[in-house]
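Chemist: So the chains spell out like this:
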Amino acid sequence: MEELLTFNYTIPGDDFTRAGEASSSVKNKLKKMGLDSNTIRKVSIAMYEGEINMVIHADGGTITVEISSEKIRMILADTGPGIADIDKAMENGYSTAPEEVRSLGFGAGMGLPNMKKYTDYMNIDSTVGVGTTVTMDVRL
Amino acid sequence: MNKFIHSVQLDGEACTGCINCIKYCPTQAIRVHNGKASITPEFCIDCGRCLRYCPHHAQTVSYDSIRDIRDYRYTVALPAPSLYAQFNNLKNIDIVLNALLSIGFNDVFEVSAAAELVSEASRTYIREHMEDAPFISTSCPAVIRLIRVKFPTLIPRLLPIKPPIEIAAEIARKRAVKKTGYAPEKIGIFFISPCPSKVAYVKSPLGIEKSSVDKVLAIKDVYPALLEHMTDNESRLKPLASSGRIGIGWNNAGGEAAGLITDNYLACDGIMSTLRVLSDLEDEKFHGLKFVELNACDGGCVGGPLNVENPYIAIAKTKKLNRILPVARTHSNDMEDLKDIDYRWNECIEYEPVFRLGESFRESLEMMGLVEELTEQLPGLDCGSCGAPTCRALAEDIVRGEATRNDCIYIFHEYIGSLSKEISFLTRSLNLSCSNNDDSIHLLEDYIQKLTTELSKKER
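Chains as they are written, first to last, in the working numbering: chain E, 6 to 145; chain V, 12 to 471.
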């Protein structure tokens, strides 16, 4: 039987200092599994960017990470405002981050483009007023 | 050569199995079994943190003795700049350096002088390789060891320049050979160290095949010997000092970075903070940095466990000392023999995946599944009674075949409890089947009832 390991994380939307905990946890587990460093880096960065997005824009959400010997799948789901124009959101430098967040050094507008850059498959499912689900795969 | 030779060791006699140290190890290398602690050699980075927290002084460092001077025809002392910061009211470094001659060394070469050369070489290297920035300092061997086992993606960021101790040893030996005409092996180069990390480095170096240092002494051993010989009678002092603020500044956190004369740096001290910085570095959370200085000890090298003085007092004393010193006193074009030094590493650092659970990804994936399951079953208190620092660490030990579920005292109690209940059930059914052994069986049941009650009192 194909071994599939699943990890579930709840991302709190109101504590900025905790943004990044889930991606850090996954990174450490992948290291213990002896995955090559390049792949770990891709998963780590893509997941971190997605996690930060959830805190900045969507008041948190959940992340499910599925690990098999073929790929690592990250499913980031929130019930936030949704993305009105996905194509525009994918543009380098475009950001809808609020002022407080930009003053902290975030909101450079590179989150989604980076996520796409570091993964082999990315899909965004979003409805304004309902929420967003981002699915990303890194193949092994 | 053993890649995992260590200077931090356990004194089995003094260890009481108290489990204090297991929580403080940054790589979770220590376990306590059968009442004694033991260090997993592949995980240990020789940072010496356990030394500081062992209440019974059972964690020790092995280093060399000043009596080893007798093994050589000519000896040179290499004092670490931390040494100068141990003394009260030191106004002139020559006082310490001359005292080193008085206790038996033939000559002295300051590591801080070599540090100024290394700073110069580093400035040049970084300028010529800007596209590879940020660079991580490589003067703290504990940090290199940590990166080697936990942060392989950062290995290419290591600044491939030999540390000051190495440059000092090379220069000192060449000069001694030139001066005396003795064969190089007859010269003893003695480093006077603030930490265990350097002791391990000399036996098992990183970035070079073999260290030029012969012996490593502890500052705390040399300090009392020096006190007796220190004189501030200026007329009797030979002028031996040759370093300035840059070289001596290497003894505290931020000092090495200061020698690079840039604002674009991060200086971190303490092994736990270093772990966090390394984790964020590998996630590329910092941008635009040129240099990352990492020190395993709080306060930098003056915080090493082989020092005598409190690190923060030592930093204050260094500031006082530096007030009368020039910025730097040793430059590569000062003397002929300083011009052709090869500062570059001649060996690559390789990733040692010691924390990997299994031999392959597939195997590790399966083992990780078991680790997660086991971690769920364990109480999650991280109490350390099993000898492992956390419940998750115990789960990993179990999956690696190095521990069992019953090592957890809570699981063990549950186990005893269920065993007692079974015994109770058996004896009751025995009681029903043969009635002539009434008394003994009643007694047995009473006893077991007591056992179960006592155990349930101990449950949370």
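Possibly wrong hints are sitting among the right ones.
[Said to hold, decoys possible] Straight-line distance between alpha carbons at most 27 Å, and here's what the computed DSS-like set of lysine-lysine pairs gives:
#1 V/330 - V/350
#2 E/47 - E/34
#3 E/122 - V/301
#4 V/296 - E/37
#5 V/301 - V/102
#6 V/197 - V/214
#7 V/231 - V/301
#8 V/102 - V/296
#9 E/37 - V/14
#10 E/93 - V/296
#11 E/47 - V/301
#12 V/249 - V/102
#13 E/37 - V/34
#14 V/249 - E/34
#15 V/330 - E/34
#16 E/76 - V/214
#17 V/331 - E/34
#18 V/231 - V/189
#19 E/122 - V/296
[Claimed, not checked] Chain V stretches covered by chain E per the calculated footprint, using a threshold of three residues with CB under 8 Å from any CB of chain E:
#20 160 to 172
#21 287 to 295
#22 360 to 367
Because the hints were derived from the structure by calculation, they are not lab data.
The C-beta atom is built at its ideal place from N, Cα and C for all residues, glycine as well.
Chemist: For the pair we were handed, residue 231 of chain V and residue 189 of chain V, check the Cα-Cα distance against 27 Å.
Modeler: violated, 32 Å
Chemist: Regarding the pair residue 330 of chain V and residue 34 of chain E, is the alpha-carbon distance no greater than 27 Å?
Modeler: violated, 44 Å
Chemist: If you count the residues of the segment 287 to 295 of chain V with a beta-carbon closer than 8 Å to a beta-carbon of chain E, do you get 3 or more?
Modeler: Check passed, 4 qualifying residues.
Chemist: For the pair we were handed, residue 37 of chain E and residue 14 of chain V, check the Cα-Cα distance against 27 Å.
Modeler: Given that 27 Å is the threshold and the Cα spacing comes to 21 Å, the pair holds.
Chemist: How does the coverage statement for the segment 160 to 172 of chain V fare against chain E, requiring three or more residues with Cβ below 8 Å from a Cβ of that chain?
Modeler: Since three or more residues must qualify, the claim that chain E covers the segment 160 to 172 of chain V holds, with 3 doing so at under 8 Å.
Chemist: For a C-alpha distance cap of 27 Å, please report whether residue 102 of chain V and residue 296 of chain V respect it.
Modeler: Given pair residue 102 of chain V, residue 296 of chain V is violated - Cα atoms ~44 Å apart, limit 27 Å.
Chemist: Could you grab the alpha-carbon distance between residue 249 of chain V and residue 102 of chain V and see if it respects the 27 Å cut-off?
Modeler: Since the Cα atoms of residue 249 of chain V and residue 102 of chain V sit roughly 15 Å apart, the hinted pair holds (cutoff 27 Å).
Chemist: So if I understand the rule, the pair passes when the alpha-carbon distance is 27 Å or less; does residue 122 of chain E with residue 301 of chain V pass?
Modeler: holds, 25 Å
Chemist: For a C-alpha distance cap of 27 Å, please report whether residue 249 of chain V and residue 34 of chain E respect it.
Modeler: Violated, because 58 Å separates the two Cα atoms, which is more than 27 Å.
Chemist: Is it true that the CA of residue 76 of chain E sits at most 27 Å from the CA of residue 214 of chain V?
Modeler: violated, 42 Å
Chemist: Going straight from one Cα to the other, do residue 47 of chain E and residue 301 of chain V come out at no more than 27 Å?
Modeler: holds, 23 Å
Chemist: Verify the proposed pairing of residue 122 of chain E with residue 296 of chain V, using a straight-line Cα cut of 27 Å.
Modeler: Distance ~16 Å between residue 122 of chain E and residue 296 of chain V Cα, so the pair holds.
Violated hints for the displayed structure, listed by number in ascending order: 1, 5, 7, 8, 14, 15, 16, 17 and 18.
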